[in-house]
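Engineer: Given next are the chains, with one letter for each unit.
There are 2 protein chains.
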Amino acid sequence: MLYFEDFAVGQRFAAGPRRVEAAEIVAFAGQFDPQPFHLDDAAAKHSAFGGLAASGWHTAAMTMRLIVDSGFRPAGGIFGFGGELLWLKPVRPGDELRIDSEVLELRESRSRPDQGLLKARVTTYNQHGETVQTFTPTLLVERRPASRTGELERVKGIEPSS
Amino acid sequence: MLYFEDFAVGQRFAAGPRRVEAAEIVAFAGQFDPQPFHLDDAAAKHSAFGGLAASGWHTAAMTMRLIVDSGFRPAGGIFGFGGELLWLKPVRPGDELRIDSEVLELRESRSRPDQGLLKARVTTYNQHGETVQTFTPTLLVERRPASRTGELERVKGIEPSS
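As given, the protein sequences belong to chains F and V, one line each in that order. Take 1 as the starting number for the first sequence in the working numbering and just add one per residue. Take 1 as the starting number for the second sequence in the working numbering and just add one per residue.
Hints may be right or wrong, so weigh each one.
No copy labels: a pair is met if it fits in one copy or bridges any two.
Straight-line Cα separation of at most 30 Å, DSBU-like style, residue types lysine-lysine; simulated pairs [as the list claims (entries may be wrong)]: (1) K89 with K45; (2) K45 with K119; (3) K119 with K89.
Just so you know, these hints were derived from the structure itself, not from any lab. Model, not experiment: these values are computed from the prediction.
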């Protein structure tokens, strides 16, 4: 578990590969994005995708699973405000996805002395090394309890005892 | 089915409500975002969420389903490059989500005379009228075949016959 103080700009966390099966693409789409190019290969051939492709939301969800399974383990969990989500190439049956997350920015929260803000860029690649998705979220990360105590003492004007 | 030419800035498309069940929250999280605050109400009570909350990716996927089920039916399907995705409030068991999509911007594609770009803002609300998510995607939308013919004729320097 990593507290806000344990992160540094430039740190990277990788995970994968994770193979994407046609049946998963169809199952996800049936529930959340039932459009012909996500449901049926024959119909998809006549679409802009030219063949079965995963819903972008499925790619995003698989990416999240890879993030959770990576060494990126902020104290308090992985959650935040969202950010820019871009889909650059379709994800196809048989693709093997991997991710690379990079810490871009760290700043203390003005309103919450117990939390810091961590901006990251999560890039999702296929087996050819092509970028299929980028996501640039801002996350909330717990500060180390010692730092929080220090913060409270500063706020109260009390010197920490040595 | 709506071609690029059928859309206008300011057009809106609504859908919902769609009730969110605790079992769905847990099932989605088990597959894509297995963190305690998305999996178990007791564990979630001790987290920043203070109780079971849907994965943001689940909120996004449910929003996509509402978009597909709304009157927003661009020719060629709903797909694009992504955009800014922001989570503003947690989604809880029993919440009833609805969406409101608004067309923000329309422009012709420079590289593809058969497609146009449509920027929209999709706002997801809960039953209290609170915004839980906003998504501001840029979509690719097919142009009406007649316009495409016109485009080709312009490109070739041929006057359309009247």
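Engineer: Each hint: holds or not?
Structural biologist: Hints, verified against the model:
no.: 1; hint: K89 with K45; verdict: within (16 Å within a copy, 39 Å between copies)
no.: 2; hint: K45 with K119; verdict: between (38 Å within a copy, 26 Å between copies)
no.: 3; hint: K119 with K89; verdict: both (24 Å within a copy, 19 Å between copies)
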